[in-house]
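Chains as they are written, first to last, in full-length UniProt numbering: chain X, 1 to 245; chain W, 1 to 245.
No wet-lab data here; the hints were simulated from the structure.
Incorrect hints may have been included.
[Claimed, not checked] Okay, derived cross-link-like pairs now, PhoX-like style, lysine-lysine, Cα gap no bigger than 20 Å in a straight line:
1) X/Lys58 with W/Lys58
2) W/Lys71 with X/Lys58
3) W/Lys58 with W/Lys71
Residues per chain, in single letters:
Protein chains: 2
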Amino acid sequence: MRFMTTSDKPENTATGIAAQDWATASADPQYRAAVVDLLGALAYGELAAFERLAEDAKLAPTLEDKAELAKMASAEFHHFERLRNRLTEIGEEPTLAMEPFVAALDGFHRQTAPSDWLEGLVKAYVGDSIASDFYREVAVRLDTDSRALVLAVLDDTGHAGFAVDRVRGAIDADPRVGGRLALWARRLMGEALSQSQRVVADRDALSTMLVGGVADGFDLAEVGRMFSRITEAHTKRMAALGLAA
Amino acid sequence: MRFMTTSDKPENTATGIAAQDWATASADPQYRAAVVDLLGALAYGELAAFERLAEDAKLAPTLEDKAELAKMASAEFHHFERLRNRLTEIGEEPTLAMEPFVAALDGFHRQTAPSDWLEGLVKAYVGDSIASDFYREVAVRLDTDSRALVLAVLDDTGHAGFAVDRVRGAIDADPRVGGRLALWARRLMGEALSQSQRVVADRDALSTMLVGGVADGFDLAEVGRMFSRITEAHTKRMAALGLAA
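Assemble the whole structure, with the sequences as input and the hints as a guide.
Here you go:
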């Protein structure tokens with residue numbers, strides 16, 4: 001059931017699911033399951049981001065830096081709260097919705113524990129940016145209520161500007177730092193991709209939505225283009241950091 | 001300069017500093033320095049509490065428990081923000097105000113790193129409660145503006161009820177846990193006292209205020225009574241937890 005009134009092209013998001021509210025769109029159980037997956041993944045991602053930023057705050061070289069990271073961590077927690085409340089509102093148990101994504105996200109964080117303050121900043125910046133890009137791509141295909149929520153919790157917590165500023169400063173002070181951090185960013189990207197594949201392989205409803213089955217217009221070619229856009233944006237961000245991607 | 005209109009007894013806090021607002025009371029440089037110390041200690045205490053709770057969240061046995069701790073950590077961060085903003089408002093550099101207390105608070109946390117979830121809960125509960133009792137005792141002696149702020153940031157973050165509930169549950173399930181946690185609580189109290197002495201020895205303005213020199217009516221006998229009240233409250237809390245103090 002795709003709720004399309006015509007044979008819309010993928011680009012046309014003004015009709016179909018993207019033009020419906022949650023009450024209408026969620027009548028399709030497969031669409032509903034996909035959105036619950038998405039909100040659960042995003043909620044646990046925010047909770048994990050909270051923990052990671054709080055952890056990185058301990059590596060901060062100054063009290064100002066520490067306070068800055070604590071602020072971002074707290075912002076991530078408030079995003080988590082909104083997602084959890086939304087899951088409850090639509091009659092889902094937040095813990096059950098999050099649990100399928102715990103192993104992949106914990107695995108990612110375990111495999112990429114930063115060894116110092118700069119690695120932590122690069123990780124938070126790269127990780128948040130890729131996740132944001134991905135969710136923004138998905139958001140345009142969602143019903144109006146889910147889209148508004150997803151875009152709201154992706155609001156920049158101020159981390160990007162802070163990370164760019166600190167990392168560029170460190171590279172200016174010692175250019176060799178750039179080489180080490182570029183390798184680190186590549187490792188992060190690789191680990192993120194491998195954990196994403198794990199999630200997609202496990203979660204039928206979610207991957208069906210991503211590949212055109214449920215929400216509007218995602219087909220395999222479009223998924224490929226999406227990954228290209230995300231990779232290009234990553235390359236640009238690395239350049240902005242003064243790193244070769 | 002004590003701003004007393006009569007030879008008030010210590011109990012009479014309706015006149016003197018406690019009846020003045022900050023603008024009036026802070027004309028006395030020694031009182032001002034003492035309050036800056038107090039706000040600095042409290043601010044760094046909240047930032048350290050944020051870190052500790054976020055760290056403990058990693059030990060949480062369930063996602064609900066993790067989210068509960070993350071919520072409290074976030075509440076502590078907002079308290080920190082209010083204190084930092086207040087320091088800025090009165091023309092003080094928050095970092096400089098906090099720095100004298102970093103070593104003692106970090107030392108306390110380093111010496112008392114919990115080895116599991118229950119030790120973390122007991123530590124947060126015991127530590128927050130003792131700190132709250134202490135700041136409440138001091139608050140009644142402060143000018144009206146400082147008092148309102150200190151009482152506001154001591155507002156219960158919901159941690160006490162949560163910790164009592166979880167710790168009692170664990171002791172019910174295995175009474176031997178009680179013995180271990182009682183020892184742990186005693187160690188925490190000892191370490192807290194030894195770090196407090198370190199701070200008091202280092203900070204003249206603060207300890208002069210505590211011992212009657214600046215704010216209204218604290219004399220050595222009163223400090224003794226204050227410590228008795230705090231210790232008694234601690235004993236009662238330990239009993240509520242099902243632990244012998």
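The hints, checked one at a time:
no., hint, in the structure
1, X/Lys58 with W/Lys58, "holds (14 Å)"
2, W/Lys71 with X/Lys58, "holds (19 Å)"
3, W/Lys58 with W/Lys71, "holds (13 Å)"
The structure meets every hint from the earlier list without exception.
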